[in-house]
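Colleague: With the hints as constraints, model all of the structure from the sequences given.
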Amino acid sequence: MSLFQEFYPLFNISEKVWISPGSFFRNFSESMSTSICDSIEAEPCRDDKTALILKFVAIATILLTGIIGIAIPFIGKNWRLLKTDSSLFLATKAFAAGVILATGFVHMLPEATESLTNSCLPETPWSHFPFSGFIAMMGALVTLLVEVISTQYYESKQVRKIRDVQDDAAGCESESLIVPGAVNEKAFGEAEEGEIHIVGMHSHGFSDDDESGVRHIVVSQVLELGVVSHSIMIGLSLGVSHSPCTIRPLLGALSFHQFFEGFALGGCISLAKFGSLHSTIMACFFAITTPLGVGIGMIISSFYNPNSPRALVVEGILDSISAGILVYMALVDLIAADFMSKKMRCNGKLQVVSYISLFLGAGLMAFLAVWS
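According to the working numbering, the stretch in the sequence shown is residues 235 to 606, in order.
Mixed in with the good hints, there may be bad ones.
To be verified - Below, simulated SDA-like cross-link-like pairs (lysine to any residue); rule was C-alpha separation at most 25 Å, straight line: (1) Lys317 with Ala506; (2) Lys311 with Val587; (3) Lys577 with Trp313; (4) Lys583 with Trp313; (5) Lys317 with Cys580; (6) Lys395 with Val382; (7) Lys576 with Glu381; (8) Lys395 with Gly447; (9) Lys317 with Gln585; (10) Lys576 with Lys395; (11) Lys317 with Ile306; (12) Lys507 with Asn312; (13) Lys391 with Ala571; (14) Lys576 with Val566; (15) Lys576 with Phe308; (16) Lys395 with Ser446; (17) Lys583 with Ala325; (18) Lys311 with Ala571; (19) Lys391 with Gly509; (20) Lys576 with Gln386; (21) Lys507 with Ser390.
Hints are computed from structural coordinates only; laboratory data are not their basis.
Modeller: Here is the structure:
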């Protein structure tokens, strides 16, 4: 027997395993339209009437907790203990950052993996590549890119404003320096019979405070994008459910999650120092997204099939993107930014309290995955 004949079965196996790029993308598109799970399995503890009442309760409760959470940093501006530079605010913000981190790692990413590896999807390509982790990674990297580009845009905009102010000031000062009398023999700065008045000249560069302000503007907007993108999906999952046994624990978990996520976002918006109208719009947009998702779920629950390939793929991709954004924002813009700040590094007691708050927030939110 020749060497080729001896190893021929191995080549035969490799031909069966090998997936060409063309067939990969063809199967990818087909998996979005074909279904092997056309019917929804009967939910345990199904009770449409009770579930409908609980959904209305969920809309009101989640809306209220979201409003309270995001409003505290704005109201706290007038209270010493709740100002954005107070120790209590930083410790509470660390707790909220832990909640957001656990939401990305423990809730969104596993749910994305479950959706994209569901048995209702064809084995090819979904079982041959870790799509959820890859999409989450790309979501985090794109978030970084968006932050860099946005920061550069706002910085250049700020620099242009400063230059315009300096040009206007220089024009006014040059007119002020035109004085009567012969002053050539006098040194600049000497007065002669009240004929000359020295006008102080100064300029403003792009200070650390300006850079910090730009940073807060970008962080607040990107964080809101990440929060809103997953809030709709979370609300939708509650809205389409017909089981009170599923809705009750999910209601408690979402209320807890909405409150502290709102607190973190409200703190970022407050630090960005937007105008009242801009801040109100951002706060309202956050507060209504999850209840809006619940409402949409209630409307489509009669015909929506969460086990259809199209629904699974869309939900899995959105959950993966949300996970990447939330993990990046929690680690880079909330935890690292606060824990590496001068105030935190110079206060050992605050460091200890903030670390405890961080782990407590992450731990409690992770523990809620048992019910949600």
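Colleague: Against each hint, give a clear statement of whether it holds in the structure.
Modeller: Each hint tested on the structure:
1. This hinted pair checks out: Lys317 and Ala506 have alpha carbons roughly 14 Å apart, not beyond 25 Å.
2. With a C-alpha separation of about 22 Å, the suggested pairing of Lys311 with Val587 holds against the 25 Å cut-off.
3. For the hint pairing Lys577 with Trp313, the CA-to-CA distance comes to about 19 Å; that is within 25 Å, so the pair holds.
4. At roughly 22 Å between alpha-carbon atoms, Lys583 and Trp313 fall within 25 Å of each other, so this suggested pair holds.
5. Our distance criterion of 25 Å between C-alpha atoms is met by Lys317 and Cys580, whose separation comes to about 19 Å.
6. With a C-alpha separation of about 20 Å, the suggested pair Lys395 and Val382 falls inside the 25 Å cut-off, and the hint holds.
7. Straight-line distance between C-alpha atoms of Lys576 and Glu381 comes to about 23 Å, which keeps the hinted pair within the 25 Å bound.
8. In summary, the hint linking Lys395 to Gly447 is supported, as the alpha carbons are separated by about 14 Å, within the 25 Å threshold.
9. In summary, the hint linking Lys317 to Gln585 is supported, as the alpha carbons are separated by about 18 Å, within the 25 Å threshold.
10. For the hint linking Lys576 to Lys395, the alpha-carbon distance of about 29 Å lies beyond 25 Å, and the restraint is violated.
11. Pair hint Lys317 plus Ile306 holds up; C-alpha atoms about 10 Å apart against a cutoff of 25 Å.
12. Of the pairs offered as hints, the one joining Lys507 and Asn312 holds, with about 14 Å between alpha carbons and a cut-off of 25 Å not exceeded.
13. Only pairs whose Cα atoms come within 25 Å are accepted, and Lys391 paired with Ala571 is accepted, the gap being roughly 23 Å.
14. This hinted pair checks out: Lys576 and Val566 have alpha carbons roughly 16 Å apart, not beyond 25 Å.
15. Between Lys576 and Phe308, the direct Cα distance comes to roughly 23 Å. Compliance with the 25 Å bound is thereby established for this hinted pair.
16. Between Lys395 and Ser446 the alpha-carbon distance is near 16 Å, which keeps this suggested pair within the 25 Å criterion.
17. Simply put, Lys583 and Ala325 have alpha-carbon atoms about 11 Å apart, close enough for the 25 Å limit, and the pair holds.
18. For the hint linking Lys311 to Ala571, the alpha-carbon distance of about 21 Å falls within 25 Å, and the restraint holds.
19. Between the alpha carbons of Lys391 and Gly509 the distance comes to roughly 17 Å, so the proposed pair stays at or under 25 Å and holds.
20. Our distance criterion of 25 Å between C-alpha atoms is met by Lys576 and Gln386, whose separation comes to about 24 Å.
21. A hinted pair counts as satisfied when its Cα atoms are at most 25 Å apart, and Lys507 with Ser390 qualifies at roughly 18 Å.
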